[in-house]
Amino acid sequence: MDDAKRRVDELRRASTEVENHLIDELAAGKISRREFVRRGTVLGLSLPALSFIAAACGGDDDDGEASPTGGTDTSGADPVQGGTLRTALITPAGALDPLTVGDEGGLAVLGQSGEYLAWSDDELVLQPRIAESWSPNDDGSVWTFAIRQGVTFHDGTPLTAEDVVATIEYHLGNESNALSALGGVLSAGNTELVDETTVQFTLDAPNGNFPYLLSSDNYNLIVLPKTFTGDWESTFIGTGPWTLETYTPEVGVTYVRNPDYWDTGRIPLADRSEVKFYEDEQARVIALQGGEVDVVSNFSVAGGGALLGNPEFTVIELQAAQHRVVHMRVDMEPFTDKRVRQAMALALDRQALVDGLFDGKADLGNDSPFAPVFPSTDPSVAQREQDVEQAKQLLQAAGKGGGFTVTLESWQGFEIPDLAVLIQNAAEAIGVTVELQITDDGAYYGDFTYGGSRWLDSPFGITDWGHRGVPNVFLTSALGTEGPWNAPHFKNAGFDKLVADYVAAFDLDSQRAVAGQIQELLLDETPAIIPYFYFHLAATKNVEGVEPTGMGHFDLTRAGFVS
Amino acid sequence: MGRFLLRRIGLALVTLWLLSVIVFVACEVMPGDVARSILGPTAAPETVAALNEELGTDRSVAVRYGDWISGVVRGDLGESYAFRRPVDEMIGQALWNSAKLALLAFVLVVPLGILGGVVAALYEGRAADRAISVGGLSVSAIPEFVWAVAAILVFGIWLDVLPVTAQAPPGSGVLTQIEYLLLPALCLVLVLFGYLARMARAGTVEALDADYTRTAVLKGLPRRTVIRRHVLRNALLPTIAVVATQTGYLIGGLVAIELVFNYPGVGRLLVRAADQKDFPLLEGTVLVIGVVYLLATLLADLAYAYLNPRVRFGGAAA
Numbered sequence: 000m001d002d003a004k005r006r007v008d009e010l011r012r013a014s015t016e017v018e019n020h021l022i023d024e025l026a027a028g029k030i031s032r033r034e035f036v037r038r039g040t041v042l043g044l045s046l047p048a049l050s051f052i053a054a055a056c057g058g059d060d061d062d063g064e065a066s067p068t069g070g071t072d073t074s075g076a077d078p079v080q081g082g083t084l085r086t087a088l089i090t091p092a093g094a095l096d097p098l099t100v101g102d103e104g105g106l107a108v109l110g111q112s113g114e115y116l117a118w119s120d121d122e123l124v125l126q127p128r129i130a131e132s133w134s135p136n137d138d139g140s141v142w143t144f145a146i147r148q149g150v151t152f153h154d155g156t157p158l159t160a161e162d163v164v165a166t167i168e169y170h171l172g173n174e175s176n177a178l179s180a181l182g183g184v185l186s187a188g189n190t191e192l193v194d195e196t197t198v199q200f201t202l203d204a205p206n207g208n209f210p211y212l213l214s215s216d217n218y219n220l221i222v223l224p225k226t227f228t229g230d231w232e233s234t235f236i237g238t239g240p241w242t243l244e245t246y247t248p249e250v251g252v253t254y255v256r257n258p259d260y261w262d263t264g265r266i267p268l269a270d271r272s273e274v275k276f277y278e279d280e281q282a283r284v285i286a287l288q289g290g291e292v293d294v295v296s297n298f299s300v301a302g303g304g305a306l307l308g309n310p311e312f313t314v315i316e317l318q319a320a321q322h323r324v325v326h327m328r329v330d331m332e333p334f335t336d337k338r339v340r341q342a343m344a345l346a347l348d349r350q351a352l353v354d355g356l357f358d359g360k361a362d363l364g365n366d367s368p369f370a371p372v373f374p375s376t377d378p379s380v381a382q383r384e385q386d387v388e389q390a391k392q393l394l395q396a397a398g399k400g401g402g403f404t405v406t407l408e409s410w411q412g413f414e415i416p417d418l419a420v421l422i423q424n425a426a427e428a429i430g431v432t433v434e435l436q437i438t439d440d441g442a443y444y445g446d447f448t449y450g451g452s453r454w455l456d457s458p459f460g461i462t463d464w465g466h467r468g469v470p471n472v473f474l475t476s477a478l479g480t481e482g483p484w485n486a487p488h489f490k491n492a493g494f495d496k497l498v499a500d501y502v503a504a505f506d507l508d509s510q511r512a513v514a515g516q517i518q519e520l521l522l523d524e525t526p527a528i529i530p531y532f533y534f535h536l537a538a539t540k541n542v543e544g545v546e547p548t549g550m551g552h553f554d555l556t557r558a559g560f561v562s
Numbered sequence: 000m001g002r003f004l005l006r007r008i009g010l011a012l013v014t015l016w017l018l019s020v021i022v023f024v025a026c027e028v029m030p031g032d033v034a035r036s037i038l039g040p041t042a043a044p045e046t047v048a049a050l051n052e053e054l055g056t057d058r059s060v061a062v063r064y065g066d067w068i069s070g071v072v073r074g075d076l077g078e079s080y081a082f083r084r085p086v087d088e089m090i091g092q093a094l095w096n097s098a099k100l101a102l103l104a105f106v107l108v109v110p111l112g113i114l115g116g117v118v119a120a121l122y123e124g125r126a127a128d129r130a131i132s133v134g135g136l137s138v139s140a141i142p143e144f145v146w147a148v149a150a151i152l153v154f155g156i157w158l159d160v161l162p163v164t165a166q167a168p169p170g171s172g173v174l175t176q177i178e179y180l181l182l183p184a185l186c187l188v189l190v191l192f193g194y195l196a197r198m199a200r201a202g203t204v205e206a207l208d209a210d211y212t213r214t215a216v217l218k219g220l221p222r223r224t225v226i227r228r229h230v231l232r233n234a235l236l237p238t239i240a241v242v243a244t245q246t247g248y249l250i251g252g253l254v255a256i257e258l259v260f261n262y263p264g265v266g267r268l269l270v271r272a273a274d275q276k277d278f279p280l281l282e283g284t285v286l287v288i289g290v291v292y293l294l295a296t297l298l299a300d301l302a303y304a305y306l307n308p309r310v311r312f313g314g315a316a317a
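Those sequence lines, one after another, are chains A and B.
Quick note on numbering: the first sequence equals residues 0 to 562 in numbering that gives the first Met the number 0.
Quick note on numbering: the second sequence equals residues 0 to 317 in numbering that gives the first Met the number 0.
Everything labelled a hint here was simulated from the structure, so no lab data went into it.
Check each hint, because a few of them may be wrong.
Far from chain B, some chain A residues (derived; all Cβ distances over 12 Å) [to be verified]:
| # | residue |
| --- | --- |
| 1 | T196 |
| 2 | E414 |
| 3 | T432 |
| 4 | K490 |
| 5 | S509 |
| 6 | S562 |
Using 20 Å as the maximum straight-line C-alpha spacing, the simulated EDC-like pairs for lysine to aspartate or glutamate come out as follows [claimed, not checked]:
| # | chain 1 | residue 1 | chain 2 | residue 2 |
| --- | --- | --- | --- | --- |
| 7 | A | K399 | A | E332 |
| 8 | A | K490 | A | D456 |
| 9 | B | K99 | A | E249 |
| 10 | A | K496 | A | D203 |
| 11 | A | K540 | B | D208 |
Just so you know, even glycine gets a beta-carbon here, dropped at the ideal spot from N, CA and C.
Whole structure, please, built from the sequences with the hints as guidance.
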């Protein structure tokens with residue numbers, strides 16, 4: 000043990016102030032080992048060092064979350080080498096172009112042959128990939144990434160730090176979809192080649208979660224050769240464990256194992272991988288049942304009920320941050336009084352929603368984007384429970400004791416129409432009449448700008464939000480005063496200040512402290528009801544070792560058949 | 000005959016042009032934004048603007064329509080907004096897939112339907128007639144996607160004798176492709192059989208009642224010969240009309256079947272194009288479906304005329 004202590008001290012001396020703070024948090028028992036590893040990877044500490052410190056400091060192994068087990072499934076036998084894995088994936092929505100991909104099908108394909116600087120895994124831990132390590136300066140405004148050597152693109156060209164700089168600048172210079180996360184964080188021209196193996200990013204403002212924005216969470220950013228000019232579809236060029244064999248638009252992609260892959264521990268077990276496109280969820284589920292595929296990368300409780308509880312299939316459940324936002328416009332009647340908004344939120348029985356809509360496969364939401372899956376979420380903030388009496392009193396106090404009528408708008412997708420009806424029923428119990436206006440997504444989202452979108456203009460609406468590795472976009476874009484998607488038109492200087500502090504913070508303790516304040520503020524103001532965060536579900540048949548992520552990527556390198 | 004064809008082609012061109020205008024107007028009225036639908040709801044506004052500019056979707060309606068129609072006149076259907084691929088290439092593949100499925104469905108249902116109709120007519124009012132007429136109608140009344148799910152459950156999953164998707168692996172032979180297409184084709188047979196059999200039955204009943212049949216019977220021809228030479232030929236006429244009108248449905252209308260069986264046909268392409276406001280793809284697909292429909296009815300009219308000399312071409316009809 001003395002030996003271990005001495006080594007921890009050595010590591011401490013070699014670490015920055017922020018890193019040491021993290022080690023203190025672990026030693027003081029403020030964070031669990033899992034969270035320590037998660038935060039440590041963001042700060043760029045290496046995994047072996049982290050495990051060593053965690054073991055020496057004796058962090059609690061179990062952080063007590065009643066969460067589904069992530070990723071690797073341990074139920075069956077070990078997967079065997081060889082064979083062809085067949086995966087059902089939703090058909091990509093457009094051309095497979097790293098600049099424009101913005102849908103689950105497209106991003107999952109990018110992640111098969113392409114690789115990111117880091118991989119945000121099923122527990123939101125960053126795994127180093129093209130970047131070997133990274134570290135911030137003291138305030139988190141400058142981040143330095145060490146680029147891995149000995150990596151080659153599928154055409155045999157060695158990858159260098161120059162390719163990384165070129166990739167980032169290519170996205171920043173071409174109005175890429177990656178800007179939805181990088182906009183306002185990293186500007187064009189601020190990615191610098193320090194030397195052959197080092198890249199430095201100078202940010203527009205300090206950001207404690209910056210590595211997530213360059214990881215697989217920002218799915219457009221697969222590292223491309225510096226000579227890349229477009230037409231990714233013809234080559235699927237990347238450095239990943241799978242290389243393109245054939246691509247048939249709208250039908251699927253076949254890959255073969257990349258025998259020269261740099262990480263010998265992740266050279267695929269299977270010889271080949273066939274990713275088949277299915278537009279319809281029912282068709283994907285049927286394909287697994289009928290033996291046309293071995294893996295379904297994503298399905299819903301509503302559409303894939305046949306796969307649940309059937310021992311033939313292995314279902315992988317991942318806690319995720321995907322959720323629904325029921326916004327209430329704070330600048331429009333009937334929701335200008337926060338007591339009315341609180342009353343609406345109190346009318347809902349969230350556990351009943353989660354059980355009814357997701358068969359229990361979701362976390363309860365507490366009317367803030369801080370999902371239980373995020374390590375920075377403050378779990379001590381009390382969960383809002385259904386309280387019809389209090390809701391009625393609040394309406395009375397707000398002068399709306401006689402009830403009112405309001406139209407709830409949304410679109411026909413996922414479980415949204417069912418949720419709308421359940422909200423309608425709950426509102427009735429407190430004397431509020433909710434009329435439903437459920438259209439299609441085009442009509443609801445309109446042109447996605449204020450004045451041209453029911454999503455952003457309606458007083459009361461339901462919007463679907465996908466998974467993110469960190470809650471930043473949910474906070475800044477969807478609730479911030481200057482946010483482009485602030486559907487509740489929530490303008491609160493105190494909130495904006497807290498969010499800025501949260502974004503800049505990079506030790507978990509201070510992140511969580513700010514998060515707690517944001518959570519309390521949102522509970523009090525209730526610009527939106529966030530009733531649940533539902534799990535990501537994948538299923539396999541006779542195959543083990545598939546590792547999906549909440550974002551929709553799936554790693555097949557360690558997947559193989561079991562007999 | 001020549002004048003007839005010319006007039007039909009002229010009318011067809013006008014119809015197609017009108018169709019293109021309607022689709023275009025619909026596209027403009029439909030809510031949504033092309034670049035948004037490609038990039039997803041959380042794309043940054045400047046990214047959306049940049050893509051709209053690149054695609055040309057920021058230009059005015061008239062400019063885009065002019066651009067498109069001048070391309071079509073030169074035989075260029077343009078490039079899909081979402082997929083950045085030539086529209087003709089995309090439609091060509093989908094059309095070929097749809098044609099294969101339609102052909103198999105027809106090959107199965109036409110003989111079955113005619114046989115059923117003739118048998119029903121010969122036993123008019125008796126048990127066999129009722130079984131075929133009522134049974135066929137009931138089966139047709141159930142939508143094809145219900146049959147699709149039922150067929151998949153029974154043959155694809157419980158009995159596990161047929162594939163659950165319609166798309167054969169690349170490079171498969173004809174027999175394998177038929178094996179994959181059998182389940183969707185079967186669903187279409189169920190939907191089309193009742194209609195076809197009723198039409199064939201009506202034609203046969205009428206023919207059996209006609210003077211020329213009575214003459215043939217009276218002059219001592221054997222019953223079998225009467226039916227083959229005089230009745231069948233007339234019973235075929237209405238089925239030609241059915242086949243022609245159903246071609247349009249089979250090419251472009253099978254959205255549910257194509258989705259459930261994951262078959263990349265024209266119907267799926269059409270819905271996807273409409274969903275994404277992919278204007279060149281939508282216009283191209285609608286035009287192609289229009290052409291198929293017009294061609295099918297034209298061929299049906301010609302076949303009708305060939306089989307029924309009472310129909311005359313050139314305006315002074317029948």
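Tell me the numbers of any earlier hints that the structure contravenes, in ascending order. 11
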